[in-house]
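One letter stands for each residue in the lines below.
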Amino acid sequence: MPDPEQARNPEGEDGPLALRVRNLTFTYPPPSRNARPRTALKDVSFGIPEGDFFCILGPNGSGKSTLFRVLTTATLPPSGAVSFFGNEPDGRLREIRRSLGVVFQNPALDKKLTVDENLSCHGKLYAMSAESIASRSDEILSLLGIAGRRGEPVETLSGGLARRVELAKALLHSPRLLLLDEPTTGLDPTARFEFLRLLREIRTGAGTTIVYTTHILEESEECDGILILDDGAIVASGSPTELRSEIGKELIIMQSSEPSKLLESVKQQYGLPVYRVDDTVRVECDNASALIGELLRAYEGTVDMVSFSRPSIGDVYIKKTGRRFVTNNGGPA
Amino acid sequence: MNAGARPPAPEGGRPTVRSGFIPGAAVLWKRELLHFLRQRSRLVGFIGSPVIFWLVIGSGFNRSFSYIGARPDISYLEFYFPGTIVLTMLFTAIFASISIIEDRHSGFLQGVLVAPVPRISIASGKIMGGATLALIQAVLLLFLVPVLGIDMTAESIVATLLSLTVLAVGLAGLGFVIAWRMDSTQGFHAVMNLVLIPLWLLSGALFPVHGAAGWMEKIMLCNPLYYGMSAFRQSLYLGTVPEPQEFLSLPWNFLIFSIFSVIMLSLSAWSAKTRRI
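Respectively, the protein sequence lines represent chains F and X. So for the first sequence, my numbering puts the first residue at 58; every next one is plus one. So for the second sequence, my numbering puts the first residue at 181; every next one is plus one.
For the record, the hints were derived by calculation from the structure and aren't laboratory data.
Under the rule of at most 35 Å between Cα atoms (straight-line distance), these lysine-lysine pairs were calculated in the DSBU-like manner:
id, chain 1, residue 1, chain 2, residue 2
1, F, Lys377, F, Lys306
2, X, Lys453, F, Lys99
3, X, Lys210, F, Lys169
4, F, Lys99, F, Lys377
5, F, Lys168, X, Lys453
Remember, it's a predicted structure, so these values are computed and weren't measured experimentally.
Based on the sequences and whatever the hints tell you, model everything.
In structure tokens, the structure reads:
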């Protein structure tokens with residue numbers, strides 16, 4: 058695997074990085090005396106260039122949330138592990154916090170207060186003046202299409218609208234880096250798509266670096282950079298194109314009742330990258346249309362089903378971990 | 181949104197402690213008041229139940245009460261009145277503390293904790309919010325004073341307001357210290373029944389320290405709330421003869437409870453600083 062930092066940022070140390078994480082290991086203290094401490098992150102290193110639309114992808118329990126807490130400064134790591142725009146939290150914590158906009162997975166809005174009151178409360182916490190709170194609120198609420206609801210208590214808004222208010226709040230103080238933890242949780246597919254479209258628009262308009270976590274594969278396909286976490290470690294990182302190119306152009310997936318036998322045979326006969334996941338054998342190739350027929354003829358009776366796909370981020374995950382990417386619903390993605 | 185929308189760079193390097201402290205605390209304080217105004221049932225609940233207690237218990241014991249060393253004509257209704265006000269304040273402070281646990285659960289608090297405000301201003305805003313609400317309710321109840329026939333002078337009004345202020349801050353601070361480290365409101369209810377209500381029961385609110393059994397008198401003298409309660413009772417009757425008999429004089433009672441309040445504020449600031457999110 059190429060060095061994750063180099064892959065995303067050829068200029069290395071001197072490039073303008075919004076975020077830089079170096080050898081971050083995070084261990085939770087044991088919950089009881091007899092229990093073992095749990096290591097949530099293992100030697101994680103990466104960099105996110107300024108202006109990126111960056112996705113941290115991982116199944117539940119992969120360490121995403123711990124990483125997110127560290128990136129928001131909610132949990133402070135050992136010194137030197139994380140820097141924001143070249144600054145480390147030691148001694149400059151407040152300055153760094155002012156440059157971050159955070160959208161947590163749990164809504165951080167006060168439901169009893171109106172949209173405007175929530176924004177004003179947030180603005181004051183970020184030391185904004187009343188005038189700038191008012192002008193920024195106008196700007197952001199109309200950008201997000203919720204200007205008409207500003208006088209209503211948040212508890213009367215739908216989930217999708219409340220999510221937008223959450224986003225408005227995080228953007229109010231014009232952060233340089235916007236961090237979102239599974240921002241589309243609880244939204245239906247249309248609202249989810251719309252929310253991500255808005256984020257991209259914000260990135261384009263204001264040049265804000267955006268980093269979001271997700272456990273939904275489709276949400277990682279259209280970003281500039283992806284970091285795939287599994288069991289606390291980085292399994293892959295790079296742009297979606299880079300990652301997909303690690304797999305051949307095309308992918309043939311064969312289902313078989315004797316997958317190991319099939320695997321060995323295909324490996325010897327064709328010399329292509331072949332690996333097994335559960336009862337399927339995956340063959341990376343550049344000419345699937347020709348190869349599929351050949352394979353079917355050669356393994357007639359052994360292959361129960363065959364399919365073809367262009368590599369997706371899910372396939373990258375499968376290749377790196379040997380497992381399917383399991384979503385929240387428990388089904389394979 | 182324009183591309184130039186960037187946060188103002190902090191001038192001259194590191195932000196000072198001043199930046200964000202006052203506005204941070206003030207906005208959280210204001211939020212407490214807004215919450216209270218949106219939930220009027222709270223007002224009815226916190227004033228209503230102590231007042232009903234006062235009327236029932238006060239009238240029930242009314243004639244069968246004598247208060248050693250006090251005016252012979254004092255009724256239990258009158259004696260129990262300051263205790264009722266302190267109970268109202270305790271309820272308000274307790275509720276304000278429970279709201280910290282709720283803020284933690286709802287997620288509101290995590291947003292505040294990653295904001296560029298010192299933790300001490302978060303604690304201050306919460307405590308001052310709770311204390312203000314407690315004080316407002318106490319003052320509303322003070323309008324019953326003429327009904328009881330207590331003649332208040334300018335002097336006694338000032339002393340009463342000062343005593344109520346330290347009581348409000350001390351109780352809100354105590355609630356904050358307990359609630360900040362708690363994860364469940366159920367746990368807080370247990371603490372309330374085991375610690376906070378007994379503190380009030382043994383504060384001289386229900387019966388005077390001089391009439392209690394010897395062992396109980398000793399416990400009461402160890403209870404910080406006794407000194408706050410006494411300061412308030414003495415302030416209410418400041419200048420009238422004879423003054424209510426308490427273990428210490430008004431200035432001492434006031435001083436002791438003020439020290440308690442300062443300790444609670446310091447503990448709150450320390451707790452807020454040390455707990456991870």
